[in-house]
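Line by line, the protein sequences give chains A and B.
Numbers 12 to 144, taken from the working numbering, label the letters of the first sequence in order.
Numbers 199 to 355, taken from the working numbering, label the letters of the second sequence in order.
Just so you know, these hints were derived from the structure itself, not from any lab.
Certain hints may be false.
Unchecked claim - Distance windows between CB atoms, simulated:
#1 B:R273 / A:S90: 29 to 35 Å
#2 A:G114 / B:K269: 21 to 27 Å
#3 B:G229 / A:S90: 28 to 34 Å
#4 B:K269 / A:V28: 25 to 31 Å
#5 B:N339 / A:E115: 20 to 26 Å
#6 A:G81 / B:P226: 39 to 45 Å
#7 A:I38 / B:G227: 18 to 24 Å
#8 B:G229 / A:A24: 40 to 46 Å
#9 B:I266 / A:S86: 41 to 47 Å
Claimed, not checked - Straight-line distance between alpha carbons at most 25 Å, and here's what the computed BS3-like set of lysine-lysine pairs gives:
#10 B:K333 / A:K131
#11 A:K116 / B:K333
#12 B:K234 / A:K101
#13 B:K303 / B:K260
#14 B:K260 / A:K131
#15 B:K338 / B:K250
#16 B:K250 / B:K333
#17 A:K111 / B:K250
#18 B:K312 / B:K272
#19 B:K338 / A:K131
#20 B:K234 / B:K269
C-beta: ideal position from N, C-alpha, C; glycine also.
Here is how the chains run, residue by residue.
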Amino acid sequence: MVRVSKPKLFFYAFLPVVAALLIAIVIFGSLAHNVFLNRVGIYPYLGERDLDSDIADKMIELAREYSVDGNATCSPVISADSSVGYIDCKFFRETIVFPKSGGEKLELGFYAGELRDFRKVWSKNHRSYLCIA
Amino acid sequence: MISERFGVKTIEATFALPDITQGVYRVPGTGTYYFKVTPGLSVCLEIKRLEKNRTDVLVLIKMWINGIEVKFMKRPGITYWIGGIYSYDKQCFDVVWMSFNQLAKGNLEWETYKPLMDLRGSVNVTYLVELYVDKPLLDKNMTINIAIGPPYIQIHR
């Protein structure tokens, strides 16, 4: 006859219960986390997806082509595997020659470059822009 | 189309978007988020100098969606900084798209991002782009070519 002492009985009887409770807590916590995750902020939906930058990459490539020789073919819609881009095919290009006088100082507030004295040298209020629509 | 806002010429684009609903997604395996419907504006800067020297150039972009400005905490707008020691550099980037694809969770609570939730139907996006240089550069021999565009909106399916 095998005799089981009280501490061992306690161990064998309650260990599975404790383990089950821990697993339940982990599963419930995970589910609750996802539920609350979907309610973050003012947004109607919050899910999890792979981020693709296909369209952004194509647009940068387009801008690079245009900046080289001023010629680029732009379609109003560009598609990729998992995203689509709606485009307003306008480009602007200008050359700024230095030395030149600086404009207003940029107030950056908290920023890594705040120690520098950045001065405005160009903005879209210059009229000598080029626009290809 | 070039329009005028507060006496300043801006880049204005109008998009007719399909029937979609804005949303926010988490990038798997990260603590960052991005908008399903995301505006973008590519910018290329080409910097040419006679001598190899320190360069500090900063692009500032302000953005309005349907007439409401998208504001940023403690910053006048979206910024992109180019710095280094070189005589020639060319960089193309989309700091607008990048700004809404690397959001910390806290950014999602910003009231000032609310205009981004109205990216549906007919959307009017206005950009003001400005270029700044560190003051010592004003006296240097240098040329900066700036190319902007095209403005666009990306929809993740």
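Going through the hints against the structure:
1. Taking the beta carbon of each, B:R273 and A:S90 are about 34 Å apart, inside 29 to 35 Å as hinted.
2. Against the hinted window of 21 to 27 Å, the Cβ-Cβ separation of A:G114 and B:K269 comes to about 22 Å, which satisfies the hint.
3. The given range of 28 to 34 Å is respected by B:G229 and A:S90, whose C-beta atoms sit roughly 30 Å from each other.
4. Taken as a hint, the range 25 to 31 Å is violated for the pair B:K269 and A:V28, whose Cβ atoms sit roughly 54 Å apart.
5. Evaluation of the 20 to 26 Å hint for B:N339 and A:E115 yields a pass: the beta carbon distance comes to about 23 Å.
6. Between A:G81 and B:P226 the Cβ separation comes to about 40 Å, which falls inside the hinted range of 39 to 45 Å.
7. A:I38 and B:G227 have their C-beta atoms about 21 Å apart, which keeps the hinted 18 to 24 Å range intact.
8. Separated by about 42 Å at the C-beta atoms, B:G229 and A:A24 satisfy the suggested range of 40 to 46 Å.
9. Range check, B:I266 to A:S86: Cβ separation about 29 Å, and the 41 to 47 Å hint is violated.
10. Note on B:K333 and A:K131: the hinted pairing holds, with a Cα-Cα distance of about 9 Å set against a maximum of 25 Å.
11. Taking the CA atoms of A:K116 and B:K333, the gap is about 9 Å. The hint holds against a cut of 25 Å.
12. With a C-alpha separation of about 23 Å, the suggested pairing of B:K234 with A:K101 holds against the 25 Å cut-off.
13. Pair hint B:K303 plus B:K260 holds up; C-alpha atoms about 22 Å apart against a cutoff of 25 Å.
14. A threshold of 25 Å between alpha carbons decides the hint, and for B:K260 with A:K131 the separation of about 14 Å falls inside it, so the pair holds.
15. Restraint check: the Cα-Cα separation between B:K338 and B:K250 comes to about 11 Å, which is no more than 25 Å; the hinted pair holds.
16. Distance hint between B:K250 and B:K333 is fulfilled; the C-alpha atoms sit about 17 Å from each other, no more than 25 Å.
17. At most 25 Å may separate the alpha-carbon atoms for a hinted pair to count; A:K111 and B:K250 meet this at roughly 19 Å.
18. Simply put, B:K312 and B:K272 have alpha-carbon atoms about 17 Å apart, close enough for the 25 Å limit, and the pair holds.
19. Of the supplied pair hints, the one linking B:K338 and A:K131 holds, its CA atoms being roughly 15 Å apart against a limit of 25 Å.
20. Simply put, B:K234 and B:K269 have alpha-carbon atoms about 19 Å apart, close enough for the 25 Å limit, and the pair holds.
Hints 4, 9 from the list above are not met by this structure, while the remaining hints are.
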